[in-house]
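Take the given structure of chain A and dock chain B to it, following the hints.
2 protein chains.
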Amino acid sequence: MSEPTTHGAGQDGRRTGREGRPTLAVVGATGAVGTVMLGILSQREDVWGEIRLVASARSAGTRLRVRGEEVVVQELAAEVFDGVDVAMFDVPDEVSAQWAPVAAARGAVVVDNSGAFRMDPDVPLVVPEVNPAQARNRPRGIISNPNCTTLTMMDALGALHHGWGLTALVVASYQAASGAGQPGVDRLYDELAVVGGDRSLGQRSGDVRGALEDKLGSAPSPFPAPLALNVVPWAGSLRDGGWSSEELKVRDESRKILGIPDLKVSATCVRVPVVTTHSLAVHATFQRSITVAEARQALVEAPSVVVLDDPEQGDFPTPADVVGADPTFVGRLRQSKDFPDTIELFVCGDNLRKGAALNTAQIAELVAAELTDA
Amino acid sequence: MSEPTTHGAGQDGRRTGREGRPTLAVVGATGAVGTVMLGILSQREDVWGEIRLVASARSAGTRLRVRGEEVVVQELAAEVFDGVDVAMFDVPDEVSAQWAPVAAARGAVVVDNSGAFRMDPDVPLVVPEVNPAQARNRPRGIISNPNCTTLTMMDALGALHHGWGLTALVVASYQAASGAGQPGVDRLYDELAVVGGDRSLGQRSGDVRGALEDKLGSAPSPFPAPLALNVVPWAGSLRDGGWSSEELKVRDESRKILGIPDLKVSATCVRVPVVTTHSLAVHATFQRSITVAEARQALVEAPSVVVLDDPEQGDFPTPADVVGADPTFVGRLRQSKDFPDTIELFVCGDNLRKGAALNTAQIAELVAAELTDA
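The listed protein sequences correspond, in order, to chains A and B.
Counting from 1, one number per residue, gives the positions in the first sequence under full-length UniProt numbering.
Counting from 1, one number per residue, gives the positions in the second sequence under full-length UniProt numbering.
Incorrect hints may have been included.
Copies of the same chain are indistinguishable here, so a pair counts whether it falls within one copy or spans any two.
[Stated by the list, open to error] Dumping the calculated EDC-like pairs for lysine to aspartate or glutamate here, alpha-carbon to alpha-carbon at most 16 Å: (1) Lys264 x Glu370; (2) Lys215 x Asp186; (3) Lys264 x Glu213; (4) Lys337 x Asp262; (5) Lys337 x Asp252; (6) Lys337 x Asp240.
It is worth saying that the hints were derived from the structure and are not from the lab.
Remember, it's a predicted structure, so these values are computed and weren't measured experimentally.
Chain A extracted, bound-state conformation (with noise of 0.2 Å):
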């Protein structure tokens, strides 16, 4: 942990009563997840002593405000990690996969959003409501942070494996526009802009598709194909068999967050024209016996999700509007009529959120905690 003297005080040199605390750096904080990440440390109690924003050199010097202060983003360099206790890396793959070490070298703990390093066995993948032990053991200094398609679904299926012993998951994603960052963002908008209002359009092949080049010209898309009016079965890139690289995240890491090292598990990962929060259709099957109503209740006492299940009354969860909130949201609990010991769920969270930010700063703030017990 950081000298009080040296990183103790604000950006600004005010006093804050954070002495003591342990430093903070955002890096990637001006992206989509880095955005979200200054307004959740803003939201939750503080923990933190200096919080340094970094980013690339394009945004260094924009001036961002979190906890109410505005701080200067500085460039991303080996010298802003020293005196760091906790490095949050919210930037691609092969950002963090260079720079996260460095970090380490330097004595932070880097908690990564990236995938650079989640299937490293040296590298612990975390879900503070699942498997908050595993922050502790750590031979890298780097804990990742699980993709968002699959954290989106892992607070639920922590409580009933719990309780039951999850054997096998056939999952369908409905994947927001952001997941992509905020190009994808940008994106989507640009392309709604363009179709919105044009009542002709998405009743011939290609339709969309020529409206967009009309208008949106060679503009590059992160998609592989419109997203608006449309959806996308592709996300990431191709791996062997057919299978893309986030349907093989939502496999591999499901099964070392949960600690299954045989779990079953199909995934079919598909972008849908929805700015931010993923859902999953989620087929789960047990080792032991499972009513809807056990399920229901073990979803209900399960601290971070919310049951929104009575279809009748429109009560199920939908992006719309479970965007923003912290929560995983679980509705169209089904007992399978023809699969024994399985159960149907719709799950809905925000990707921004629980599935990125919100989840990067509850496992740094275990590791704060530890700092500061220590």
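Chain B alone, transformed into the frame defined by chain A:
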């Protein structure tokens, strides 16, 4: 079959060379499916004598074009079925329930696209590529056309079942607005006109709902939640155990069409902001060992299936590319890593064409051929 002297003339009395051909009635000619049907009847090989267009009193008197000719829409009444050989019904369940038996009693073979008769053991449920012989076994004089969600995957699954013996399906749907008819299409366009161009929406709980209420007031929606910038995990009405009627249709109709009474099926049906074309993520398990290469070959050889499966080149089916086309499009073929004898696929089909009007037209043509041969 009707007398050529009575029914062999066009609506306008011109001789059309259609003498001796069966008379067709299209009931629900002005609806979303009916409109597509008139296009399909104009494009396909013309096997019909007279085509009568029938609709509710509200639409009677409208003039519509079919086969290049203008036809006056008649009001639904028992007498319109006199001399009709085949009557297609594209109307709500309760209208079919009342009027299909009336048409059958007047001698017409009814091809009904509602849910009213699909599970009646005396009514065959037909997909011409899968179970065409069933169309001849119609003790009530009624043949049912399957639900559009089920129908989207039947051609592909029929081809795979033929080779490997289907035993189980886990399905998640991405259903288009037009599955709820023209009111669904209108509502989606209305909502997109509100949200398109507003780059603030979709980021806070309820902001889309609020904007729609602001701009659209209390205008009724066929959807139980906003559809723009959202996905809605509900279609149909509530059944026992929290299932939606749509989800049970996928189970019960798949069993009946494929002739597998003990087929295991779990479906989750979700509406997405797409105008037309349903998509399905399908996890299909077979009796016999199956490889992706074998599945691909069988699908390529299926006459009504197109395989689009080279994700690195952006080749996978999406609704925006598939809408308006007749075949079923299949992509994202993967061998399940953990479930034996299981293939994952993503299927797209135009829910107004193969999912409704086209399949109805194909069934009607089977009957026409039978009547002409007789």
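Okay, the hints, checked on the actual structure:
no.	hint	in the structure
1	Lys264 x Glu370	neither (34 Å within a copy, 49 Å between copies)
2	Lys215 x Asp186	within (15 Å within a copy, 23 Å between copies)
3	Lys264 x Glu213	neither (41 Å within a copy, 44 Å between copies)
4	Lys337 x Asp262	between (25 Å within a copy, 11 Å between copies)
5	Lys337 x Asp252	between (28 Å within a copy, 11 Å between copies)
6	Lys337 x Asp240	between (34 Å within a copy, 11 Å between copies)
In summary, the numbered hints that this structure violates are 1, 3.
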